[in-house]
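From just these sequences and the hints, can you work out the full model?
Number 18 in numbering that gives the first Met the number 0 belongs to position 19 of the sequence shown; there are no gaps in the numbering.
Keep in mind that the hints were calculated from the coordinates and are not lab data.
Please note: incorrect hints may appear among the correct ones.
Estimated spans, in silico, between C-beta atoms of each pair [said to hold, decoys possible]:
hint : residue 1 : residue 2 : range
1    : R43       : N65       : 17 to 25 angstroms
2    : E31       : D93       : 31 to 39 angstroms
3    : I95       : C66       : 17 to 25 angstroms
4    : N46       : W69       : 13 to 21 angstroms
5    : D15       : E94       : 27 to 35 angstroms
6    : R58       : F13       : 25 to 33 angstroms
7    : M5        : T91       : 29 to 37 angstroms
8    : A92       : F13       : 26 to 34 angstroms
9    : D15       : N87       : 32 to 40 angstroms
10   : A25       : E4        : 15 to 23 angstroms
11   : E4        : D57       : 30 to 38 angstroms
12   : M63       : R29       : 18 to 26 angstroms
13   : V84       : Y39       : 41 to 49 angstroms
Positions of the beta carbon are idealized from the N, C-alpha and C atoms, including for glycine.
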Amino acid sequence: MPITEMLTRNAENFPDEVSLIEREPAVGLRREITWLEFEYQANRFANALLERGIKQGDRVALLMMNCLEWLPIYFGILKTGALAVPLNFRYTADEIK
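This is how it looks when you write it as structure tokens:
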């Protein structure tokens, strides 16, 4: 079973259960999203990529710090059939080339 189907199944079976939590105790930050929100955000990003012409087999770079949005974006890329290419946010422009 593709991992994206596991997300869909969890969104159907546990829509209101917390799926992801982001914490930064030093600043008192705690954010969370449910399985249904996770699925919604992944689908929304997938649709945005498809509207921009991304298709199965394309490579989509993911350059961002670790945060709550990272996984929904990653899953959105996978839902299009494209390949996610996570990059270290500390890379310089020359290293990314």
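Hint by hint, here is what the structure shows:
At about 20 angstroms, the beta-carbon gap between R43 and N65 stays in the expected band of 17 to 25 angstroms. Between E31 and D93 the CB atoms are about 37 angstroms apart, so this pair conforms to the stated range of 31 to 39 angstroms. Look at I95 against C66: about 19 angstroms separates their beta carbons, and that is inside 17 to 25 angstroms. Evaluation of the 13 to 21 angstroms hint for N46 and W69 yields a pass: the beta carbon distance comes to about 18 angstroms.
For D15 and E94, the Cβ-Cβ distance of about 42 angstroms falls outside the hinted range of 27 to 35 angstroms, so the restraint is violated. Range check, R58 to F13: about 32 angstroms between beta-carbon atoms, so the 25 to 33 angstroms window is met. Range check, M5 to T91: Cβ separation about 36 angstroms, and the 29 to 37 angstroms hint holds. A92 and F13 have their C-beta atoms about 41 angstroms apart, which leaves the hinted 26 to 34 angstroms range violated.
Hint check: D15 to N87, Cβ distance near 35 angstroms, so the stated range 32 to 40 angstroms holds. Separated by about 37 angstroms at the C-beta atoms, A25 and E4 break the suggested range of 15 to 23 angstroms. Against the hinted window of 30 to 38 angstroms, the Cβ-Cβ separation of E4 and D57 comes to about 20 angstroms, which falls outside the hint. Taken as a hint, the range 18 to 26 angstroms holds for the pair M63 and R29, whose Cβ atoms sit roughly 20 angstroms apart.
At roughly 24 angstroms, the beta-carbon separation of V84 and Y39 lies outside the given 41 to 49 angstroms, and the hint is violated.
Hint check: violations occur at hints 5, 8, 10, 11, 13; the rest are consistent with the structure.
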